[in-house]
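Participant: Each chain is listed here by its residues.
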Amino acid sequence: MSTGNVAGVRSTAARSSVALHAAMAVTGLIMILFLLAHMYGNLKVFEGQQGFDGYAAYLREIAQPLLPHAGALWILRVILLASVLLHIFSAFTLWHRSRSATGGKGGWRYETTKNRRGVQRSYASFTMRWGGVVIGLFVIYHLLHLSADVIAPGGASASPYQRMVNGFQIWWVVLSYVIALIALGFHLRHGIWSAFASLGANKSVGTRRFLNQLATVVMLIILVGFLVPPLAIFAGWVS
Amino acid sequence: MNITVRIWRQHDQAAAGRMVSYKVDGISPDMSFLEMLDVLNDQLTAAGDDPVAFDHDCREGICGMCSLVINGIAHGPEALTTTCQLYMRHFDDGDTIDIEPWRSESFPILRDLIVDRSAMDRIIQAGGYISAPTGSAPDAAATLVPKKNADRAFDAAVCIGCGACIAACPNGSGMLFTGAKANHLGVLPQGQPERHERALAMVNQHDAEGFGGCTQIGECTAVCPVGIPLDVISFLNADVLSALPRKTD
Chain H
1 MSTGNVAGVR STAARSSVAL HAAMAVTGLI MILFLLAHMY GNLKVFEGQQ GFDGYAAYLR
61 EIAQPLLPHA GALWILRVIL LASVLLHIFS AFTLWHRSRS ATGGKGGWRY ETTKNRRGVQ
121 RSYASFTMRW GGVVIGLFVI YHLLHLSADV IAPGGASASP YQRMVNGFQI WWVVLSYVIA
181 LIALGFHLRH GIWSAFASLG ANKSVGTRRF LNQLATVVML IILVGFLVPP LAIFAGWVS
Chain B
1 MNITVRIWRQ HDQAAAGRMV SYKVDGISPD MSFLEMLDVL NDQLTAAGDD PVAFDHDCRE
61 GICGMCSLVI NGIAHGPEAL TTTCQLYMRH FDDGDTIDIE PWRSESFPIL RDLIVDRSAM
121 DRIIQAGGYI SAPTGSAPDA AATLVPKKNA DRAFDAAVCI GCGACIAACP NGSGMLFTGA
181 KANHLGVLPQ GQPERHERAL AMVNQHDAEG FGGCTQIGEC TAVCPVGIPL DVISFLNADV
241 LSALPRKTD
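These protein sequences, in sequence, are chains H and B.
Under my numbering, the letters of the first sequence match residues 1 to 239, in that order.
Under my numbering, the letters of the second sequence match residues 1 to 249, in that order.
Misleading hints may appear alongside valid ones.
With a straight-line cut-off of 35 Å between C-alpha atoms, the simulated DSBU-like cross-links for lysine-lysine are [to be verified]: (1) 44(H) to 105(H); (2) 148(B) to 203(H); (3) 114(H) to 203(H); (4) 148(B) to 105(H).
Quick caveat, the hints were computed from the structure, so don't treat them as lab data.
The following block holds chain H by itself, in its conformation from the complex (with noise of 0.2 Å):
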C-alpha cells in the first residue's frame, strides 16, 4: 500500500462523504437532543401560565451566578446554531456530490417509468433532503413566531406561555405546525436510523433492527410529545 503522504491521505478522508455523513449524524443527535429538552418544556404548559413562564425564566438563571444571564442559555444556542449550519452545509455537499454522481438525476435517471421509486427505499429515506428544507423553513418561521415575538399571530405578549395560547388557537398556526412535524417525524425516522449507521453501529442484523425500532420510538415520543400541547390549546382545554 502506498507509504506516501498519509497526512494528505487523511487532510482528503476528513472531507470524504464518509465524514461529512459522520458530521450530519453528530449534530443531528445534538439537535435531537435538544428537541426532547425543548418537548419537556413544552408540556410544562399544563402546569399554567406560572409554572410554564417560570420554566422560561428558570432557563435563563441556569448555572447562575457562576454565568451571567441567559449564559447557559447562550452556550446551548451556539452549540445547537454551530449544529444546524455544519449539519445544513455537510447537507449541501452531499447532495451536491449526489446529483453530480448521477447526471443530476438522483434515483430518476432510467428512461424507464416502471420501479421509479426503486425496490425497498422508504418514503422517509428518499424526502431527507426536501423534508430538510421544509424543517428549515419552519424553524425561521417558528423562531420569529416564538422567541423573537416578530410575528405574532393572535397577538403579541411578553409571556411565553401567552403568546403559545394566543398562536395556538389560530387553525392555520396549529396546521402549519402539524406539516411541519410531519416533515420532522420522517426526518427522525430515517435520520436517527441512519445517523447511528452512519457512525458504525451498524455492525449485524439484530442491531440494524434495534436501530429501527429505536428510531420508530424517538421519532413517535417526539412527535407525539409536541403535538398534545398545541392540539390542546385549539380543543381549548389549556386557555
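The hints should help you fit chain B onto chain H, whose structure is shown.
Facilitator: Just chain B now, kept in the frame of chain H:
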C-alpha cells in the same frame, strides 16, 4: 412467448443515445434473459442491423460481467439473481421490457448496454489488497480465525464486483462495493496491519471517482445478486472514523 423490448441504443461514448423498441417472437420461457437478447441479435444481424452490445461472460452468476437495468431494477425483478441467471419465465407473454445500461457518471457508456466499470478497479487498486510478504503457504491452522470473523469475511468476499449497487443507488454511491472489498480484508488477521490505511485510501478513491455518499437507504442490498449485507458500509465507516484522528499507522 412474444415480447417487446425497449433497449438503450448508443453508438459510442460521445453519441447521444435513445430507447429503441424491438419485437422478439418465439421466446421459450426456459431461455435466460441473455439468450433472449441473443435471439434478438440474430434477428437484427439477419436484417442487416447492428446487434445490441451487452456485457456477459460466465453466464452462471459468478463473474459479475452482465449488467442490465431491467424495468428500472438492476439485474431485473428477481432477488439475489444476476441478469444471466434470470429466466424468461419470470415475464409474461406480451410484456414490454425496458433494458438500460448501469447509469452512473463514473460509468461512461461505451456502446449500447456496455459501460466502463474501471472506476471500481481503481478503488481496489487504491487499497483492496494486502501487501505483506507471504512467503510459502503457511500451515492451515497457523493463524486462527474466529468463526464469526471468517463468516463475515466470506459474506463480504462473495462480492462479484458487478456494480449493481451503484446502478441502483439514488445517490450513485459505491459504498456497498467499497465496504465489501475493505471489509473482507479488514476482519481477517492478514488484513490488520493495513486496515486503517486501506479504509482511508479506498474511501478517498471512491470519492475521487465521483461516486456519491451513502445515506443508508438500502437499495443497493435489494439488487445485490450475492446478498452483500448493508453492515459492510458501517464497518467501513467505523474504520475510516477511527483512522482519522491517528497520527501515523
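Participant: If a hint holds in the structure, say so; if it doesn't, say that too.
Facilitator: Comparing the hints with the structure gives:
no. : hint             : result
1   : 44(H) to 105(H)  : 46 Å, violated
2   : 148(B) to 203(H) : 12 Å, holds
3   : 114(H) to 203(H) : 33 Å, holds
4   : 148(B) to 105(H) : 40 Å, violated
Violation of the numbered hints given earlier is confined to hints 1 and 4; the remaining hints are satisfied by the structure.
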